[in-house]
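Engineer: For reference, the chains in residue letters:
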Amino acid sequence: MRTVLALIKKEFLQIFRNPLLWRLIVFIPFLMLMIFPYAADLDIKNLNIVVIDHDRSTFSQDLIAKLDGHGLFTRFGNIQNKREADNALERDKIDMIIEIPQAYERDVQKGIQPTISVTMNAINGMKAGVGVSYITNVLADFMSEIHVVYNEPVELPGRISMISNYWFNEKMNFRNIFVPGILTILVTMIGSLLSTLNIVREKEMGTIEQLNITPMKKHQFIFGKMIPFWLIGMFEFGVGLLIMRFFFGIHVQGSVILLLALTGIFLLGMLGLGFLVSIFSRTQVQSMFIIVFVFITFILLSGLFTSIDSMPEWAKIINTINPVAYFMGILKLVILKGGTLQNLQTEIISLSIFAVFINTLILFFYKREID
Amino acid sequence: MKGFRAILIKEFQHIFRDRKTLAMVFVIPVVMIILFGYAISNEIKNTKIAILNHAHDPLSYTLIEKVTSTNYFQNIKFLHGNHEIEEIFREGKVRLVLVIPDRFEQSFYKEKNATVQLVADASDLNNTVTLVNYMQTIVSDFQAEQNVLLPNMQPFQINVKMEYNPEMKSVYMFVPGNIAMVMVIVTALMASITLSREKESGSMRMLTITPIRPIFVILGKILPYMIISFFSAIVILLMAVFIFQMPINGGIALLLLICLIFMLTAASFGILVSTFAPSQQVAMIATMMGLFMPTMLLSGFIFPIENMPWILRVFSNIVPSTWFIIAIKDVMIKGAGFVGILKPFLILILLNIVLITITLQRISKK
Amino acid sequence: MNSIVVKNLTKKFGDFTAVNNISFEVKKGEVFGFLGANGAGKTTAMKILCGLLKPTFGEAYIAGYNAFTEGKKIRENIGYMSQRFSLYEDMKVWENIELFGTIYKVKKSILKERIKRVIQRLNMQSYADELVGSLPLGQKQKLAFATALIHEPKIVFLDEPTSGVDPIVRREFWELIYETAAKDVTVFTTTHYMDEAEYCNRICIMAEGSVQLIGNPEELKRRMRVNNMDELFCKFVKR
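Chains as they are written, first to last, in my numbering: chain A, 4 to 374; chain B, 172 to 537; chain C, 109 to 347.
Hints are computed from structural coordinates only; laboratory data are not their basis. Fair warning: there could be bad hints in the mix.
Claimed, not checked - Here's a subset of chain A near chain B, in silico, CB distances under 10 Å, partners left out: (1) M4; (2) V111; (3) M146; (4) M175; (5) V242; (6) I246; (7) I260; (8) L261; (9) L262; (10) V295; (11) A318; (12) I338; (13) K340.
Idealized CB from N, CA, C, for every residue including glycine.
Just need the whole structure built from these sequences, with the hints factored in.
Structural biologist: Here's what the structure looks like:
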């Protein structure tokens, strides 16, 4: 116990002796947490459009007014021909060109089916998809309105309307999801990257040899290295929660203690992973690359950027061993949905298995001998 | 010049001896592009939904039939009461619950107005808007079908042309960003780490007393990483073209030229960081925060710049990756020529000059 | 009584035999010099004796403990100072001593006393609160030696302790070594400097993994009919 405490004291001494390092550890994460969520907004809030009206009729003007009233579409400049519009599309000035055909009004009145052309910049496939589905809905709406007005119906048709409700995040604010997401990335990176680099640095500098020669037991060394970074990770997470609460106004719906306990388990696994990587690397560069590689994979598949539902089977299989995906799920559940212990059984069991497994591997692979 | 070559060779030997790192440098981009190409798609297929049917009348079953017959939605559970909605969301099994009200059929035929409710779990916002729109379209279609007796809606055709990316593939968005990320990791990160490692181990001092000018010492150390990152950029491009059928509509030479310029920018950033950083750890963290994270989050790679608050929009203008990504997209997808990318090109050059000037000043001060 | 007994000790790394069938004994309180060119197998042999490497076969007893099976006992009873300076440069002088003292389970009250004594003995009172990284190399080496002795081990292993240190500090360093040996602590050291070899009670010259010569420096010089250690060394190493 005394040995472990001495080792912990040593780590903290070293961290605080390095003025740049501890400032980076303390400030950068919070800066990131306060800035990046503002950048993370995948919502499609605005589409710049050009409407080329070949008809110039009351109907076409009504349609344009309807588009203007929708809120999503902003009409760009006063472009009236296709060539100019194409040019604007190429220069990324606009996202969409809508062409209202000649004789649009006449055709509608005669009952002839008009064709409306939509050209969309589809480099951003997601935006294009959403844009088209919106414009289709607007057109359908408009057409049925003018139908009611111009073709006096014999009998009023039945209508089905749909109300949509968004639970747990009523205003559909990406920030509510991204703040916990960034927090996860931070805790993971700071915790395991720092601990890995720290151990490998001791290898590079040769100081680890002096530790290896002592009668210190394996687990004492492991605890001595893990506990300081576990504490740092927990500290980051705790302050992150405060920022989330007071800066972003996101309240934890579930139990904060449960959240902290689960973060503790998660960190044990991630620190273990960092430790394991350090065993197999000789240089800090090596270990950094391995960690960055593992984390990019874990984070991209975690469901933060895209929904796990739309991933292929193999990605879902990888996710069964992806601690970041479980943790991301836990954060969403506890912070946004007020989930309790019962809702989290799979996640807790999986994270615990991961932590135990990784740390067993460490005990197995860590050797003080240098061959 | 001889000394320069010696350093270059030494650094190459160093790189090739460290097989693990070398492997990572090539594996990371390949895995990333596979992830972005296959796993990180926004394709909507078999989204799991639950249905709470209060009506239990024939019309409600027809609607359910209609909803679940599409590929978009897959009903995995019928709920029996409002209280179950929260529970099923907490279990995280479904993203949407469709609630059909009591007396659905009656409302539709007698009162001519029925309302269904769609409850979305907005703790996952990926595709939520699209999903809701799809459901809306299905419901509108259903309404039209139920009114067959009289033409409810003026039929019309919508002729959609998806310019540049007809299949709306997500790789088109991700390939340029991917190249930027790899260049940042391999060039900037490795440059800053390698140089600060020399500082840490004290061998930099030894090199600066050799007759070779310090700038050549630095170049000799950095060049190998630039060459390697250039290779991995080419690997990404080849994968994009041959696996994901992404076109290269513009000139390949122009494309490589932009990569080269960006690589220089990344290298000078790395060198600049190393002039401040006393240790590898600090260099690593500083490059990650200074260039890697902005490339991930502020360059338009994943998140649209237009949605950011103005101060971040301004900041994104000085992130080199922003301009690199624009230029790559324009050349690859739109087939732009040199004139077409003049603006991003000149800005990249300008950023380069600024970085190099500051770096040179820092170096000569020592 | 012998504090180190080595019989037919061999260490192979794959096909390469780093230490080939060496045997020797070191008496308690002796200053034993281990000589050899780079790559002669000195460091490997020393690492086995310290319990850092497992030998391939042979026998080795350090302070009476078996190097094959009692690594932990060995580590408790030896001190070690590595070739590369391996104290923490970003910690203060007393913090380093305290850290290793604690790891070696020296009682808190005793440790306090010892730290005070060590700092006094090394004339480092003015340095005690400085970061180790800011000390001159010679001071660092002396500190590393003192730290290796903080738990009062029976044997202390030194791997080229004075390389790169100026002559005055080297002399001071050897004074420390004699002082230690006088307290019945066995000192096992490797060195590059031939004049230092003459300070040893006995030396062992290694080449290509095997022991070439063992004995008292004066005696060896007489026996081999050479004038100084340099000649002696070259005779065996250059072959």
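Engineer: All the hints need checking, so say for each whether the structure fits it.
Structural biologist: Hint-by-hint comparison with the structure:
With a cut of 10 Å, the hint placing M4 of chain A at the interface with chain B is violated, because the nearest CB-to-CB distance is about 29 Å. Because the closest C-beta pair between V111 of chain A and chain B is about 6 Å apart, less than 10 Å, the hint holds. For M146 of chain A, the suggested interface contact is upheld, since its CB lies about 4 Å from the closest CB of chain B, less than 10 Å. For M175 of chain A, the interface hint holds, since its Cβ comes within 10 Å of a Cβ in chain B; the closest pair sits about 5 Å apart.
Interface hint status for V242 of chain A: violated, as the beta-carbon distance to the closest one in chain B is roughly 17 Å, over 10 Å. Interface hint at I246 of chain A: violated, since its Cβ lies 17 Å from the closest Cβ of chain B, which is beyond the 10 Å cut-off. Because the closest C-beta pair between I260 of chain A and chain B is about 18 Å apart, greater than 10 Å, the hint is violated. Interface hint at L261 of chain A: violated, since its Cβ lies 13 Å from the closest Cβ of chain B, which is beyond the 10 Å cut-off.
Evaluation of the L262 of chain A hint against chain B yields a violated restraint, the C-beta minimum of about 15 Å exceeding 10 Å. For the restraint placing V295 of chain A at the interface with chain B, the shortest Cβ-Cβ distance is roughly 7 Å, inside the 10 Å limit, so the hint holds. Evaluation of the A318 of chain A hint against chain B yields a held restraint, the C-beta minimum of about 4 Å falling below 10 Å. Nearest Cβ of chain B to the Cβ of I338 of chain A: about 8 Å, under the 10 Å cut. The hint holds.
Interface hint at K340 of chain A: satisfied, since its Cβ lies 5 Å from the closest Cβ of chain B, which is below the 10 Å cut-off.
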